[in-house]
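Protein chains: 4
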Amino acid sequence: MTLRVTVWNENVHEQNGSPASMATDYPEGMHGAIAAGLRRLLPDAEVRTATLQEPEHGLTAEVLDATDVLLWWGHIAHEQVDDAIVDRVQERVLGGMGLLVLHSGHFSKIFKRLMGTTCSLKWRNEGERELVWTVAPRHEIVDGIPNPIVVPAQEMYGEFFDIPEPDELVFISSFTGGEVFRSGVTYTRGAGRVFYFSPGDQDYPVYQQDEIQRVLANGVRWAAPRAGRSLPEVSNPQRDWFVAG
Amino acid sequence: MTLRVTVWNENVHEQNGSPASMATDYPEGMHGAIAAGLRRLLPDAEVRTATLQEPEHGLTAEVLDATDVLLWWGHIAHEQVDDAIVDRVQERVLGGMGLLVLHSGHFSKIFKRLMGTTCSLKWRNEGERELVWTVAPRHEIVDGIPNPIVVPAQEMYGEFFDIPEPDELVFISSFTGGEVFRSGVTYTRGAGRVFYFSPGDQDYPVYQQDEIQRVLANGVRWAAPRAGRSLPEVSNPQRDWFVAG
Amino acid sequence: MTLRVTVWNENVHEQNGSPASMATDYPEGMHGAIAAGLRRLLPDAEVRTATLQEPEHGLTAEVLDATDVLLWWGHIAHEQVDDAIVDRVQERVLGGMGLLVLHSGHFSKIFKRLMGTTCSLKWRNEGERELVWTVAPRHEIVDGIPNPIVVPAQEMYGEFFDIPEPDELVFISSFTGGEVFRSGVTYTRGAGRVFYFSPGDQDYPVYQQDEIQRVLANGVRWAAPRAGRSLPEVSNPQRDWFVAG
Amino acid sequence: MTLRVTVWNENVHEQNGSPASMATDYPEGMHGAIAAGLRRLLPDAEVRTATLQEPEHGLTAEVLDATDVLLWWGHIAHEQVDDAIVDRVQERVLGGMGLLVLHSGHFSKIFKRLMGTTCSLKWRNEGERELVWTVAPRHEIVDGIPNPIVVPAQEMYGEFFDIPEPDELVFISSFTGGEVFRSGVTYTRGAGRVFYFSPGDQDYPVYQQDEIQRVLANGVRWAAPRAGRSLPEVSNPQRDWFVAG
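Residue numbers (my numbering), protein chains in the order written: chain R, -9 to 235; chain X, -9 to 235; chain P, -9 to 235; chain W, -9 to 235.
Among the hints, erroneous ones may be present.
Any copy, or any two copies together, can satisfy a pair, since identical chains are not distinguished.
[What the hints assert, rightly or not] Keeping only pairs whose Cα atoms sit at most 25 Å apart, straight-line, the calculated DMTMM-like set for lysine to aspartate or glutamate is: (1) K102 / D72; (2) K112 / D230; (3) K102 / E223; (4) K102 / E69; (5) K102 / D157; (6) K102 / D15.
Please keep in mind that the hints were generated in silico from the structure rather than gathered at the bench.
Model the full assembly from the supplied sequences, consistent with the hints where possible.
In structure tokens:
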């Protein structure tokens, strides 16, 4: 069965041409780089992109019906995302669609909606070296991933990261300045799987890095829905319905 | 330090006089019975009540400032709760206020907001016997609680209960019909503790039962905030701020 | 890659002819029935059996080297299992071999070794109906499994079950008498996955039931090791070994 | 009720006079320093010490009967600890006694027994700066603890730390070399609470540091047993014993 992936990006840094490095780091935009990495590593997948600027942000009911796993990159335009679209994405996740939330997407409406917390954190943008350490060596997401991943220059994200206790803690990062961050965490919400992964930023070519692309590809495979997606619903069964039924 | 508790009830069954048994089961309303139980078992606490019908539903900023732990009972009027009040309560919980969500409160706006899921479940109202089994014997919430608690007649709540994997699973209930339910679950959200406890219904005098009152009193103590409540906030520290600071 | 499965049984009820129903319920022994179910549902797997009575209990280094997932059934002969074999099995699990522990195997040396607790529980053998409810609908182990599974007659296992907090709680059972039990729980230990599943007993033909066989087949697939099995080992790296290496 | 604490130390570095810094860093031994810190911060507690060299390693049944929380420091003499004493300590923990395992105690028999894993890790002893970051700000163990704790010079302990997924992850450390470590983790085993805390080493005066002493004092309070300690035991109840009983 073909795996259908949609990479969503607010696509504002790209359109603004800010930072200027975007032109060389991400000539096709961050969504373009992420999608290219997934196509390379998941040759059986159909990978499309969608952006804030499209009608319904490119996330129509039809697109989501045809999406097994959605990736979400947002930063400076979280507030421009229509609440009705957030409702729609949340419902699909609870019904079984996988979701990967990337980097500054920690403050996206959809992530805060699914977490219930502020999702706040510490940050500092000085191009520090990030080391991404595996703490769950048996997890599908770390298949073929070196330990640690070395990201030469990156924005620092530090604790306290205000998220619910993760179902699984997969990666912990450290930065040159000594801060640490739970940089790869998983959750199940309803019938859907959610993976938050922090490495990746508009100022650095992190999504061009092979190991980072592999984490995303593994994450997509891990988050893919099982057959029979459906939203959990309230029901009022008779006694012994399970015997009769 | 005095523990300050607010018992919130939508107070609609009480005002409607429906069911009729309310008049004998809960002459002071369910909030009245719950508050009386807490006063009996937590003599050092200040226990007040608040209801939907009061201005700002009785949950003004002043009331919440003076509330260490909030209990929430709602059923048929969830949609009448003002979103601005829900925002306020959520912010207080993330900042450290304890929250106990009771029975049909699983569908309250505040609980769905903190969980991120549908919070749906199975139900059947035939007065079945509920057995509430302890599966976390070391937990503060089960101090002095018999195992199982026998609730002679109760509405059935059954799995699948669409909640995030709990931080701690404290109670599992079974019902005459054979269904099971994760009837006592805990979460931390931000700096606040949340305890959902399902036994208790407008049709049965469950909140008059000594063991049930004890669970609520233990839950209040467990959820009480530590000193220094504050909402986790984003920050942008200098390198080595922790050495200088 | 062929999945290599070994079904281990102490094989004492079978040899004793006790209970007498064993002859009709399990003409090939419980291990025979379990292995037949796995062969039916995992046609790509190589399934062998091993028993207590064989040299080294049938669990030589060679057999374990060629085992991806081991299933363990024991009851009245736990103490006859050689500690050196338990050491060997534990080391393989920590190195990545999957382990399914069945029913009364909760008191086996290997399970207690991996859990660190007494693994005690309540029990009563009166042929009660067991209902096995799914509480993790997204889990691989419940693929294609009805909710609930109805086991017409079974020994009751009840809480408190003295195990560590599971990584994932997959099934909760209820019994005619009203007791509940965490009947399907998962753990990761080292690089290995462990699944404990309680339905199944020498007195009842539970392992002949299609749904039960499906749970075991799903469990085997879930517990199968990833490439590169190895025991986590202490190391003393140089500074920046990860950059040089 | 007086809290009764026993600080256990293998006391071999102390007796060997190796390292030489021990004489100035820990004139009363590490157990002496730890006990002094607890006496200072828990004035209501009775704190005693016990060492490997005493009869029954100072952990007689009488001592353990009178111990609410045991702290364990060991390093080069793990193998000299008698298995019968380890059995005894494990039984007490499962019955409700609290246990704090310190630093190189990760390789002690008692910790490996309770975890079921190898408990291996990375290490490097070059006096690196350790930063101990709080990731569970609501936890009792972090009350009054600065974030981060700065340990000027310490042995590096790094991931992968082969432990079961913790019940609660309280602290993550980073080191000058960039490694990270889950340096404060909690577990419940049976009726007992276990806290592993890694900062502290024979080569550095870490246990003289106020913040480290506070973590230990908080940990002792958190791990203290509730009333009615007893080992979980198998039982064979009649139907409806809970109604009659």
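**OP:** Using 25 Å as the alpha carbon limit, work out where K102 and D72 are close: within a copy, between copies, both or neither.
**Re:** Result: close both inside a copy and across copies, 14 Å intra and 20 Å inter.
**OP:** Tell me, please, which holds for K102 and E223 at an alpha-carbon limit of 25 Å: within, between, both or neither?
**Re:** both (22 Å within a copy, 14 Å between copies)
**OP:** Please work out whether the CA atoms of K112 and D230 approach to 25 Å or closer within one copy, between two copies, in both situations, or in neither?
**Re:** Answer is between: at 13 Å across copies they meet the 25 Å cutoff, but 53 Å inside does not.
Original post:
Should K102 paired with E69 be assigned to within, between, both, or neither, using CA atoms and 25 Å as the limit?
Top reply: Answer is both: 12 Å inside a copy and 21 Å across each meet the 25 Å cutoff.
**OP:** Could you place K102 and D157 in one of the four classes (within, between, both, neither) given a Cα distance threshold of 25 Å?
**Re:** Both. Shortest intra-copy (16 Å) and inter-copy (18 Å) distances satisfy the 25 Å Cα cut-off.
**OP:** Measure nothing new, just compare the shortest in-copy and cross-copy C-alpha distances for K102 and D15 to 25 Å and report within, between, both or neither.
**Re:** Intra 29 Å, inter 40 Å, cutoff 25 Å: neither.
When held up to the earlier numbered hints, the structure conflicts with hint 6 and nothing else.
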